[in-house]
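Chains A and B, in that order, are what the protein sequence lines are. Position 49 (the first sequence) corresponds to 49 in this note's numbering; numbering is contiguous. Position 119 (the second sequence) corresponds to 119 in this note's numbering; numbering is contiguous.
Treat the hints as calculated values from the structure; they're not laboratory data. Predicted model only: the values in this text are computed from it and were never measured. Each residue gets a CB set at the ideal place from its N, CA and C atoms; glycine is no exception. Warning: the hint list may mix true and false statements.
As the list claims (entries may be wrong) - Simulated coverage check for chain B against chain A, where a stretch passes if three residues somewhere in it have a Cβ under 8 Å from a Cβ of chain A: (1) 6-16; (2) 56-65; (3) 118-124; (4) 181-195.
The chain contents come next:
Protein chains: 2
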Amino acid sequence: MRIAVLGTGMVGQAIAGKLDELGHEVSVGTRDPGATTARTEPDGYGNPPLRDWLAARPRVRLATFADAAAGAELVVNATSGGASLEVLESAGAANLAGKVIVDIANPLDFSHGMPPTLFVKDTDSLAERIQRAFPESTVVKALNMVNATVMVDPASVGGGDHSTFISGDDVGAKQVVTGLLKSFGHTDIIDLGDISTARGSEMMLAIWLRLYAALGTPAFAFKIVR
Amino acid sequence: MRIAVLGTGMVGQAIAGKLDELGHEVSVGTRDPGATTARTEPDGYGNPPLRDWLAARPRVRLATFADAAAGAELVVNATSGGASLEVLESAGAANLAGKVIVDIANPLDFSHGMPPTLFVKDTDSLAERIQRAFPESTVVKALNMVNATVMVDPASVGGGDHSTFISGDDVGAKQVVTGLLKSFGHTDIIDLGDISTARGSEMMLAIWLRLYAALGTPAFAFKIVR
């Protein structure tokens with residue numbers, strides 16, 4: 001499949017790398033490809049510059065948000081939650097129309113210190129905001145409640161014996177995303193229901209952040225035992 | 001141990017019944033014991049009248065909130081979240097002073113329809129409100145993210161192979177509650193940290209409610225796979 005991954009951070013790199021490995025035709029979208037590839041220093045989180053990452057993945061194309069989205073059949077929102085709507089606007093509603101947007105972002109608000117809070121929750125969600133802003137696209141919330149490594153390599157914790165969630169209004173779009181998640185190695189994919197159920201998975205960030213602190217590692221996942 | 005369980009609903013009955021079965025000296029607190037035992041009809045949820053439940057448990061004592069708390073070494077808040085602070089006020093700060101309050105309630109707000117939202121979240125929690133209101137007591141959040149059956153019979157789902165959380169500022173109080181949870185059959189008890197970490201477990205209600213709807217059963221639990 002031709003897939004655009006919007007966002008070049010740890011999550012974007014993990015998803016784009018995995019999709020490339022699986023044989024998809026991947027474009028990574030960024031605001032300014034020239035500026036992104038000009039960077040030769042690690043970013044603020046200590047991640048190596050994207051040019052090194054791209055050099056190791058010759059099939060992956062770096063493009064503007066709009067170019068990446070225009071050429072894609074499916075778009076992954078791997079930006080930070082606070083930037084997501086603006087980035088998707090840059091990608092352009094016309095370039096996103098008729099396509100599945102897999103929203104794996106979280107509405108984290110770092111302005112009140114650590115741990116972050118959520119800038120939308122309980123009566124609305126980031127996924128719903130995106131769906132309302134892009135009514136011609138079908139948004140599917142997925143993967144947001146585990147870290148980047150667990151997203152693309154579920155077997156790295158507990159041999160993959162844990163659960164993941166999808167939310168969305170469109171059954172066909174959820175089938176496509178379910179197929180992608182299975183190809184990543186996820187085995188227990190629970191369809192929570194319509195896009196409003198993303199309120200549930202986004203609010204899991206509150207427990208995720210406390211577990212990260214208590215366990216001292218982000219290498220964990222949630223299994224729904226029943 | 002002498003334990004007061006405040007609240008006579010499904011959760012209160014489950015907890016009080018289990019504690020009685022384990023040999024504790026249990027008082028169940030209610031607003032008006034006379035009115036409670038006078039009821040001969042099932043309640044609004046179809047639960048049998050408390051007089052029948054009490055008749056089957058002759059060692060369990062029904063008392064006012066204040067009497068139950070006064071005679072107890074440990075107090076369980078099994079009321080609905082919206083009533084919790086008022087009920088604990090009725091129990092009386094002096095009767096709660098120096099004691100562990102195990103808070104298993106959730107700040108559910110049913111005023112906006114179903115599923116309920118949370119009337120406090122993210123920057124505060126019900127457990128913190130209780131701790132602030134009763135500074136002479138030590139509050140431990142526990143068990144709120146599973147239903148009453150799973151609380152007291154964890155083996156009823158997945159043979160008990162799942163996780164539960166505690167939050168609280170007092171290490172000794174958390175040790176006492178950990179012991180109780182183990183006696184219920186919980187095996188993976190994760191100490192999230194101070195009482196503010198209850199924001200994490202209370203916000204899990206959002207995913208709990210969606211899973212309840214999606215799975216069609218409340219008989220599930222969360223295992224933290226790591």
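Hint by hint, which ones does this structure get wrong, listed from lowest number up? 1 and 2
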